[in-house]
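Taken in order, these protein sequences are the chains called A and B.
Quick note: the first sequence, position 78, residue 480 per our numbering, numbers continuous.
Quick note: the second sequence, position 133, residue 571 per our numbering, numbers continuous.
Since the hints were made in silico from the structure, they are not lab data.
It is possible that part of the hints are untrue.
[Said to hold, decoys possible] Within a straight-line C-alpha distance of at most 27 Å, the following computed BS3-like cross-link-like pairs (lysine-lysine) qualify:
| no. | chain 1 | residue 1 | chain 2 | residue 2 |
| --- | --- | --- | --- | --- |
| 1 | B | Lys-756 | A | Lys-449 |
| 2 | A | Lys-450 | B | Lys-752 |
| 3 | B | Lys-680 | B | Lys-649 |
| 4 | B | Lys-649 | B | Lys-607 |
| 5 | B | Lys-630 | A | Lys-449 |
| 6 | B | Lys-752 | B | Lys-801 |
| 7 | B | Lys-680 | A | Lys-450 |
| 8 | B | Lys-649 | A | Lys-418 |
| 9 | A | Lys-449 | B | Lys-801 |
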Amino acid sequence: MTPAAAFIAALRDVCKEIMEPQRNEEAENRYNRVGGQLRRLAATIGKKVTDQETRAAAMGVLREAAEELRGWGIAGRGEVRE
Amino acid sequence: MKKSPSFFSLDASAQAAYGRGDLARAYALWHESLATATPVQRIGALADLAKVCNQRGKSTRALDFIAQAERLLPRLSRTTDDADLADVTHTKTALLIESGKALGVLGQFGAARASLNAARRWCERTRDRDGVKIAMLNLGSVEIEAHEYQRAIELFQSMLPIVRDRYDKALLWLNLGVAIWEQASASRDSRKANAAAKYWRRGLAIARHLKRPDVSVWLYHNLGLYEQHLGSARRAIEHYLKTIRLATRLDNLHANAMACSGLASVLRRQDALARADSAARQAIRRFSALDDLHGLAEAHYVRGLVNLDRGRPKIAHKMLAAALRLAQRDLRNRQGRYRHDVALAQLLPWKLALAEAAIRLGKRITGAILR
Numbered sequence: 403m404t405p406a407a408a409f410i411a412a413l414r415d416v417c418k419e420i421m422e423p424q425r426n427e428e429a430e431n432r433y434n435r436v437g438g439q440l441r442r443l444a445a446t447i448g449k450k451v452t453d454q455e456t457r458a459a460a461m462g463v464l465r466e467a468a469e470e471l472r473g474w475g476i477a478g479r480g481e482v483r484e
Numbered sequence: 439m440k441k442s443p444s445f446f447s448l449d450a451s452a453q454a455a456y457g458r459g460d461l462a463r464a465y466a467l468w469h470e471s472l473a474t475a476t477p478v479q480r481i482g483a484l485a486d487l488a489k490v491c492n493q494r495g496k497s498t499r500a501l502d503f504i505a506q507a508e509r510l511l512p513r514l515s516r517t518t519d520d521a522d523l524a525d526v527t528h529t530k531t532a533l534l535i536e537s538g539k540a541l542g543v544l545g546q547f548g549a550a551r552a553s554l555n556a557a558r559r560w561c562e563r564t565r566d567r568d569g570v571k572i573a574m575l576n577l578g579s580v581e582i583e584a585h586e587y588q589r590a591i592e593l594f595q596s597m598l599p600i601v602r603d604r605y606d607k608a609l610l611w612l613n614l615g616v617a618i619w620e621q622a623s624a625s626r627d628s629r630k631a632n633a634a635a636k637y638w639r640r641g642l643a644i645a646r647h648l649k650r651p652d653v654s655v656w657l658y659h660n661l662g663l664y665e666q667h668l669g670s671a672r673r674a675i676e677h678y679l680k681t682i683r684l685a686t687r688l689d690n691l692h693a694n695a696m697a698c699s700g701l702a703s704v705l706r707r708q709d710a711l712a713r714a715d716s717a718a719r720q721a722i723r724r725f726s727a728l729d730d731l732h733g734l735a736e737a738h739y740v741r742g743l744v745n746l747d748r749g750r751p752k753i754a755h756k757m758l759a760a761a762l763r764l765a766q767r768d769l770r771n772r773q774g775r776y777r778h779d780v781a782l783a784q785l786l787p788w789k790l791a792l793a794e795a796a797i798r799l800g801k802r803i804t805g806a807i808l809r
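Chain A with its partners taken away, still in its complex shape (with noise of 0.2 Å):
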């Protein structure tokens, strides 16, 4: 395994234990918590991380977690008519 690689694997793993306990957690802690974590992290890459493609796959693993915060899709309500 290539060192960018490791730290892509460490990264996902970091994220994995960060997002893991949102589940069961409030909606106000986990936007506070969780996206403090996750938005340090991309800034600390952003500074020490020099490779380019490294740097942009990082962001990608961090994306991807932090899409969890979302919520699941927006239903629709149709249209509620006489």
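Starting from the structure of chain A, add chain B where the hints point.
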């Protein structure tokens, strides 16, 4: 010289077009009828135009028509003709309801609640039981939009004993399912999501039996969303395709756009990237004709991700930058809907995706992008 058609013939043709779901034609005919309408007729036609605009997702335009009608209403209240008064009663209900709907979509929840509560009280006073039901269903819808899910669920449940008509029941199952779905989504509760799907299936059985595609179209969409959540791509795609077919037939641009966006998202997960891109492009085109900024932002976001996956960072960056701009504008428009932390959480994946596209394009990213 050719005689121009009378208000009555235009109105009758518009009603017929509306009845068969041809909203574009109904809009054109009611608009044309304004030229020959008396003040009473004019208010009715304006209410109908607002109704069509709401159905086509053009909430701001709907409010314009309502404002024009309201300017004429005081003149009308001085009328002594009984038939006119009956018309006014009905039209006033329609204006209050359409106004509540449009305000709710635009995120002005206080005003939307006030308008719909006024409609409910007015209908109770005039013993219009159908009007009461419609006002309550729309009020529940506004509560969902305002993220007051429990309030919406209680309101819909309180309607169960008074709703006898099967069409109303189908609508009620649809909306009760939505309120439960949104609550499930916020609390990550899969059991509640299953309960929502149960109500949607019940609603779909009734709507199909009654041959009411205007209700089925949303139920298919929502069941597609549920299957997508369960990870059942094949079923999700089937439901979204059914939604698109029905919505195209009904000229329901909103359901069409939402289903295209959902379809693009599922196809992307299936690595069917060319089809996903095409579906996302269609979603963008359809949302562009509507007032749904959130939907438009979402469609741009999906297309951005698809193009990231396709190795096309330039298009991806353009789409994701547009998505973020639109989502931020949507949040600004919906003041009070999101707390700051929620807004940040909602926008974080969009910002990270934009950062990814920027890096792939060789651009420098700054801390500001993540703030």
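Each hint, compared with the structure:
1. For the suggested pair Lys-756(B) and Lys-449(A), the alpha carbons sit about 24 Å apart, so the restraint of at most 27 Å is met.
2. At most 27 Å may separate the alpha-carbon atoms for a hinted pair to count; Lys-450(A) and Lys-752(B) meet this at roughly 25 Å.
3. In summary, the hint linking Lys-680(B) to Lys-649(B) is supported, as the alpha carbons are separated by about 15 Å, within the 27 Å threshold.
4. Our distance criterion of 27 Å between C-alpha atoms is met by Lys-649(B) and Lys-607(B), whose separation comes to about 14 Å.
5. As the CA atoms of Lys-630(B) and Lys-449(A) are separated by approximately 42 Å, the hinted pair breaks the 27 Å bound.
6. About 11 Å separates the Cα atoms of Lys-752(B) and Lys-801(B), which keeps this hinted pair within 27 Å; it holds.
7. For the hint linking Lys-680(B) to Lys-450(A), the alpha-carbon distance of about 48 Å lies beyond 27 Å, and the restraint is violated.
8. A distance of roughly 46 Å separates the Cα atoms of Lys-649(B) and Lys-418(A); the hinted pair therefore is violated under the 27 Å criterion.
9. For the given pair, Lys-449(A) sits about 14 Å from Lys-801(B) by alpha-carbon distance, which is consistent with the 27 Å threshold.
Hint violations for this structure: numbers 5, 7, 8, all remaining hints satisfied.
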